[in-house]
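Chemist: Put together the whole structure using the sequences plus the hints.
So the protein lines, in turn, are chains S, Y, B and E.
FYI, our numbering numbers position 40 of the first sequence as 40, with every residue one higher than the one before it.
FYI, our numbering numbers position 291 of the second sequence as 291, with every residue one higher than the one before it.
FYI, our numbering numbers position 262 of the third sequence as 262, with every residue one higher than the one before it.
FYI, our numbering numbers position 240 of the fourth sequence as 240, with every residue one higher than the one before it.
Honestly, I wouldn't trust all of these hints.
List of simulated lysine-lysine pairs, DSBU-like, C-alpha gap at most 35 Å [to be verified]:
no. : chain 1 : residue 1 : chain 2 : residue 2
1   : Y       : Lys288    : Y       : Lys30
2   : B       : Lys421    : Y       : Lys30
3   : Y       : Lys288    : Y       : Lys56
4   : Y       : Lys56     : Y       : Lys30
5   : B       : Lys553    : Y       : Lys56
6   : Y       : Lys32     : Y       : Lys288
The hints are simulated quantities; they were obtained by calculation from the structure and are not laboratory data.
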Amino acid sequence: MHGLAFDIAHLLAGGLVLVSLMMLYQDRLPALINVFALHAILLAASVTWQANIQHEPYLYVTAMIALGFKGFVIPIALRRMIVRLGIHREIETVVGIGPTMLAGIALVALAMVVMLRVTEQADPLAREDLAFALSVLLLGLLMMVTRRNAVGQVLGFMSLENGLILAATGAKGMPLVVEISVAFSVLIAFIVIGIFLFRIRERFDSVDVQALDRFRGEQP
Amino acid sequence: MVLIRELAAQGAQMMLVLLLAPLLTGLIRKVKARLLRRRGPPLIQPYRDLIRLMRKEAVLAVNASWLFRAVPYLVFAATWVAAALVPTFATDLLFSWSADLIAIIALLGSARFFLALAGMDVGTSFGGIGSSREAMIASLAEPAMIMIIFVLALIAGSTQLSIIAEFMLSLAAGLRVSLGLALIALILVAIAENSRIPVDNPATHLELTMVHEAMVLEYSGRHLALIELAASLKLLLYVSLIGCVFVPWGLAPMDSGWNAYVVGVLAYLAKLLCFGVALAIFETSIAKMRVFRVPAFLGAALMLGLLGALLRFVSGSL
Amino acid sequence: MALGISLWCAAALLALGVLAVVLAGQRPATAVIYTASLFLTLGFLANAILHLIANAAPETTILPLGLPWVGAHFRLDALAAVFLIVVNLGAAGASLYGLGYGQHEISPSRVLPFYPVFLAGMNLVVLADDAFSFLLSWEFMSLSSWALVMAHHRLPENRHAGFVYILMASFGTLALLLAFGLLSGPDGNYAFDAIRSVSQAQGAWPVLILVLIGAGSKAGLVPLHVWLPLAHPAAPSHVSALMSGVMTKVAVYAFVRIIFDLGGTPDWWWGLIVLSIGGGTAVMGVLYALMERDLKRVLAYSTIENVGIVFVGLGLSMAFQANALPDAAALAFTAALFHAFNHTLFKSLLFFGAGAVSTATGERNMEHLGGLIHRMPVTSIAVLVGCVAISALPPLNGFASEWLTFQAILLSPELPQWGLKIMVPANGALLALAAALAAACFIRLFGVSFLGRPRTRLAEQAHEIDFWSRTAMAIFAILCLLVGALPGFVIDALAPVVQELTGSHMPSQTIIDWFSIVPIAASRSSYNGLLVLLFIALSAGLTAYLVHLVASKSVRRSAPWDCGFPDPSPITQYSADSFAQPIRRVFGTIVFRVRESVTIPPPGSLGVARFHVELRDLVWDSLYAPISGAVNAAAERLNVLQFLTIRRYLTLVFLALVTLLLVLAIWS
Amino acid sequence: MTVINPLILVLAIPLGAAALLALFRGYRLSSRVNVLASFATLLTALSLFFRHPEPDSYFLVDDLNIVFIVLNSFVGFTTSVFSATYIAHELEIGRLTPVYLRFYHAMYQVMMFGMNLALVANNIGLMWVAIELATLATILMVGIYRTHEALEAAWKYFILGSVGIAFALFGTILVYMAAQPVVGEGLPGMVWTVLIERVAEFDPALLNVAFIFLLLGYGTKVGLAPLHAWLPDAHAEGPTPISAVLSGLLLNVALYAVLRFKMLLAANPAAIAPGPLMVTMGLVSLVFAAFMLYRRRDIKRMFAYSSIEHMGIIVFAFGMGGPLANFAGLLQMTMHSLTKSAIFFAVGHISQVKGTQKISEIRGLTETHPLLGWGLVLGVVAIAGMPPLGIFMSEFLVVSSTFSRAPLLAIPLVLGLMVAFGALLLRLNGFAFGEPTGSRAPVQASYVPMFAHLALVFTAGVYLPPALVAWFQHVASILG
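Modeler: Rendered as structure tokens:
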């Protein structure tokens with residue numbers, strides 16, 4: 001049984017890395033959001049599987065958050081927002097797809113080299129798990145860096161955060177995992193509202209203040 | 001008894017120096033006139049000029065300050081002290097141990113310092129021309145002189161003139177390249193310092209060319225007399241300096257009797273005569289240089305002095 | 001006990017600074033502060049003289065301040081006592097002068113608090129005995145003098161001077177800090193006696209280079225001198241007298257303390273480097289001085305020249321020490337210290353004079369002065385004595401130390417190394433050239449500003465300054481005369497220091513008859529200041545008496561000879577530039593790349609002929625301009641990083657992460 | 001009556017005050033409560049000196065963080081006094097409305113709570129949450145002016161901060177993963193005191209990767225060179241009390257966190273030496289910030305870069321390691337926070353009275369406002385590292401020990417120090433001296449905090465109390 005549990009956990013973690021690479025591949029926003037939804041669902045599956053291996057009830061809560069909040073709520077909100085902001089048709093990668101993919105592969109290789117140096121006596125599940133988590137994290141950062149559009153960058157950040165949750169759940173018995181995933185969800189909520197509030201269209205840092213003035217009305 | 005003799009000898013040297021200075025100037029003027037096929041003024045003309053000036057009234061510029069009136073006395077005193085310290089007929093006199101060569105040259109430096117200030121005190125441009133050019137000439141002549149002193153001091157082992165003269169008298173130095181260089185440099189410096197022909201014309205009053213004369217243009221009466229006497233004393237000093245170091249024969253050696261002194265005086269007079277005539281011949285045979293060729297002239301003296309010192313530093317025998 | 005008094009005096013000076021802040025603005029503040037600092041410095045002076053004469057053993061004490069595990073060490077030994085005398089003599093004179101001069105100060109609240117603190121800083125540097133308190137008081141001295149230089153901060157050039165000064169000062173301190181880092185080793189035993197006990201490795205040449213940069217920049221050695229002629233004139237006169245006369249000596253003290261006392265026996269080529277830098281500094285300093293018109297800038301540049309002469313003496317002494325010739329080393333070292341002492345005297349005197357002139361006429365540019373001898377008799381006599389002393393002319397003290405330095409040079413054929421055999425005579429020539437040019441420079445200074453006819457209305461209405469300033473100047477003038485006449489006493493006072501640092505000392509001078517000074521042996525050469533003075537005085541007096549007896553005594557005033565063109569305007573007189581024109585033409589074309597151009601209008605046109613001189617400061621152009629240009633260029637190029645988008649900043653973070661992971665992957 | 005553990009008080013007071021302040025409407029009352037709360041926290045922090053509570057699984061007080069807790073609450077208190085007068089003026093000119101004021105004071109106390117929690121946290125996860133909380137509070141305060149630049153600065157701080165936090169979290173997880181096989185699952189795997197004893201047996205490769213992520217994560221909060229982008233804008237656009245607290249305290253707290261993990265690594269011989277890593281990042285930040293000082297036009301942004309430069313020196317000192325350099329680093333952390341906050345107090349009042357933060361428009365301060373002007377001169381002279389002020393002692397130790405151990409490293413260090421010194425003095429020459437411009441209206445500024453800080457730095461320059469020296473030396477030895 002021991003072997004099978006490992007294989008499924010590895011399969012799910014490997015799938016997560018694959019979806020991250022798929023997200024790099026997308027160059028249109030709606031497609032990117034759908035792939036992100038898939039990424040979140042896969043994460044939820046992996047966390048539930050970890051939960052039943054480690055028999056830790058609270059991991060199910062994390063899985064539910066991942067599935068519900070990041071699987072459905074955020075993608076729907078984002079899709080409606082890009083329609084409102086009118087940016088759903090733009091092509092917005094900075095560097096071409098080819099070089100980004102190459103960079104992605106190189107990063108995964110780097111993550112493997114760095115992580116697999118960990119000696120055997122550490123628990124094997126942890127070693128592979130961390131390697132995949134690190135790859136997802138690096139790919140998420142790469143996406144943030146190569147996307148011109150603010151929404152693309154937020155999605156990159158969220159995929160980075162999924163990698164973190166994967167690592168956290170992989171660590172057996174780590175306290176505060178739930179609290180951390182809740183904190184991160186709040187963080188992401190802030191970001192999404194921020195984007196919506198400031199109607200950031202193209203560049204991340206062109207804060208559109210006119211939107212703000214509309215809300216100032218009622219103060220003296 | 002010895003002390004009295006010593007005092008007498010020192011007193012004699014001071015008086016001798018004072019009396020012979022105008023004679024040397026007179027001699028040079030006479031020989032130059034003769035070379036130019038002129039009769040020239042009598043030998044004792046400088047004495048008569050001094051007496052005449054002493055009696056005349058001293059006319060001072062409106063702007064002249066107390067410094068202008070004090071400078072002639074200071075210049076004369078400094079030059080006279082320096083001239084008295086240079087051995088003329090005997091080496092070891094009473095105050096000869098204080099006759100340090102650097103001190104003597106520096107005394108002349110003080111005299112020149114005050115003379116330049118007097119030149120500028122009057123407030124006309126002529127004084128300024130004289131002082132400024134004198135400062136430029138001095139800024140090259142003095143280092144050359146110091147280099148010559150280095151050569152002599154390194155050969156004789158001391159900067160005291162009487163010891164140097166004693167050492168030269170004993171011919172222990174022998175013939176040295178550095179001594180030759182020092183001699184040429186010393187002659188060049190002497191010509192520049194005493195504002196002789198190639199550097200400056202002592203006889204001229206053409207404002208734009210004179211250097212020494214420009215500084216003393218405003219002096220008259222007794223002040224001019226003292227300045228003229230100081231100038232001729234300075235010439236005598238340089239002649240006796242060259243004499244006692246490079247032509248030491250006839251100098252009375254350490255604590256020798258009266259007859260040695262008499263021989264010394266006679267030899268000294270002969271040396272004065274030769275140098276006077278040589279200088280007159282040299283002056284008539286050469287024209288005055290442009291002011292800004294003088295730095296090259298004095299630069300040569302400085303380089304020769306430095307080369308001489310370098311040779312002494314590098315090897316004992318050169 | 002003496003060290004205790006000194007430390008209490010220093011603490012009192014610091015307290016005085018605080019008091020000045022409290023008192024600032026009230027009427028009596030100036031008088032109170034300057035009198036108090038006068039008495040305190042006199043206390044210091046007396047204490048140091050007693051310690052030196054008693055030839056007492058060095059006293060040390062450790063206070064709980066400074067580095068926690070080292071504590072603040074203080075030590076009063078012969079070297080510290082000598083430099084305490086030098087510092088406090090100049091400080092007492094400056095305080096006395098300040099009493100009078102301070103009344104005219106436009107913003108006393110900016111000068112009074114920092115003045116006593118500056119004095120305390122200098123004294124503490126001399127007393128400090130461990131690296132931390134040494135550098136603490138050293139920087140504290142620079143900081144307080146920077147505040148004094150910034151006292152008249154309304155003028156832009158004063159602010160520029162202040163900035164350049166504080167930048168060079170901190171550059172010097174960092175160099176000294178690195179030198180102390182080397183000396184005290186990795187485990188940080190910073191106390192000087194710990195450094196002394198650890199025998200220095202023979203090849204510690206970086207220490208020399210660093211100390212040369214550190215102490216040299218404060219003293220004003222040539223490549224590092226640029227701040228000195230800017231900062232000294234900017235400060236009030238009594239402060240610039242202190243900075244020139246005294247602070248440069250503290251820098252010399254630092255060099256002597258670190259190289260002679262802490263460092264081991266120097267190599268021979270150390271002496272060569274210091275000697276050549278000293279010679280170069282002497283000539284360059286005086287050539288700069290000849291090109292200047294501002295009184296105080298001339299004096300500041302001439303400080304550089306005198307510092308060069310001191311370093312020639314020090315270089316020679318190091319060369320002799322390297323070749324185990326203690327007597328010659330003692331002579332050269334005494335010459336250097338003696339010249340440092342003399343320089344404090346006549347430079348303070350000259351700066352007091354410049355201050356008096358600028359108070360009386362409100363003008364510092366020589367071209368606007370002239371004829372002050374008629375209107376300021378006492379000041380002009382004092383400044384004349386100062387000028388004669390600084391030009392190293394016989395009866396006064398300048399010549400005595402110059403003569404000793406020349407005697408030291410004459411001893412150097414015994415040095416075996418070829419480098420020294422060539423460089424020592426060359427530097428001797430440079431020294432002689434510098435002395436001659438100094439005489440020309442000070443003829444120009446005195447002649448143009450004090451003699452001749454007043455060139456402006458300001459100079460015409462000049463008036464003699466107050467009593468205190470004149471007494472300060474008179475005291476220093478008399479001191480110059482006394483030290484010039486009786487140099488033997490000062491040389492004997494320096495003997496304990498020289499014995500301590502070079503292993504032997506000059507033969508004691510006072511026992512020799514007629515007060516003459518003898519460098520090595522009576523048989524070789526001796527100089528008698530007193531006798532020369534007596535001879536000149538006697539013969540001048542005798543001639544004056546005889547002439548007045550025999551010659552006519554009548555005097556008549558009349559217009560001077562004007563070559564037939566009666567033009568009474570004072571502009572026809574020789575100005576400072578025209579006086580320096582021949583020397584500028586001789587030396588300037590090489591050193592300052594001088595280009596003179598005369599534009600004469602075509603015949604017939606009534607245009608004005610123009611004479612233009614273009615002078616460039618090569619040191620500034622070749623060393624400082626490129627450095628500041630490089631810094632500005634780098635700042636310009638890096639400035640782009642401030643205005644990037646968030647995405648680009650994230651790329652930076654991403655690259656940092658990837659590089660670190662690569663480092664980890666490859667190396668560990 | 002069992003005495004309440006002062007540790008709990010140190011946390012409870014700011015939290016309680018934050019809740020209380022969120023309710024008050026009136027400005028006068030809330031600023032006074034803010035000062036009172038900070039003073040109470042200071043008293044409890046001081047009482048920590050006398051009663052050392054035993055470390056449990058969540059809280060820890062040892063030689064290192066005792067000093068920083070007291071420093072944190074002291075500067076917090078003085079800044080609250082300063083912010084009382086500063087905010088009063090901001091209200092008058094209408095840059096802040098009472099609604100935001102309530103929010104400002106609440107966030108101030110939340111930030112103090114976050115920082116105190118981070119300092120006393122024994123659990124590395126708790127420390128991460130605390131730092132994250134403090135950063136969020138600061139982000140909200142930076143954007144409080146609602147101007148275009150303020151929002152942009154807050155947004156940039158938010159995004160870069162989030163990425164930094166993600167790294168820090170990943171590092172913490174890796175530390176837990178490394179500790180878990182040795183220490184066992186659950187809470188003990190996160191408790192620092194347990195980790196420090198058993199760290200020798202942890203897997204070195206995991207620790208290395210963890211340290212890199214932690215260094216980059218918390219390094220963003222410290223403002224080291226490649227990760228510094230948020231710091232200058234956050235300082236320039238936020239209200240000055242926040243810049244003072246940001247520069248004075250938050251950078252220190254983040255660096256304290258990095259130190260905690262450096263201790264872990266130092267205790268494990270097999271792991272790579274963190275020294276060279278921190279030395280390179282320190283030097284890069286020092287030299288980079290030094291050159292950036294020249295072209296700055298905004299006075300607060302200039303002092304922000306000076307904070308980056310000083311953080312570079314401190315990280316370099318800790319990177320060099322050895323008792324001397326570590327002692328210097330700790331001393332410089334304390335002195336820098338005191339001096340920089342004093343400078344920001346002065347700059348706050350100056351920019352208010354002159355109505356601008358442009359360096360070119362502020363001139364002749366020592367003439368128009370002598371107290372402020374000379375206070376700023378003293379502050380800048382201190383930050384430039386001139387004696388007799390405290391920073392000179394630490395720079396003295398760093399430079400001299402570096403030169404004797406690794407001369408080649410000392411060259412960039414000295415170059416950075418000189419270039420920074422030149423820039424600071426050039427600007428000081430500009431705004432403290434010269435022809436005064438702008439209004440000469442007397443400003444009723446709170447001078448006490450500023451001169452209290454400068455007095456402390458002045459005495460530290462000459463004399464350090466033996467107790468403080470003992471603590472720092474003990475910590476310096478275990479810092480490795």
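Chemist: What hint numbers does the structure not satisfy?
Modeler: Structure breaks hint 2 only.
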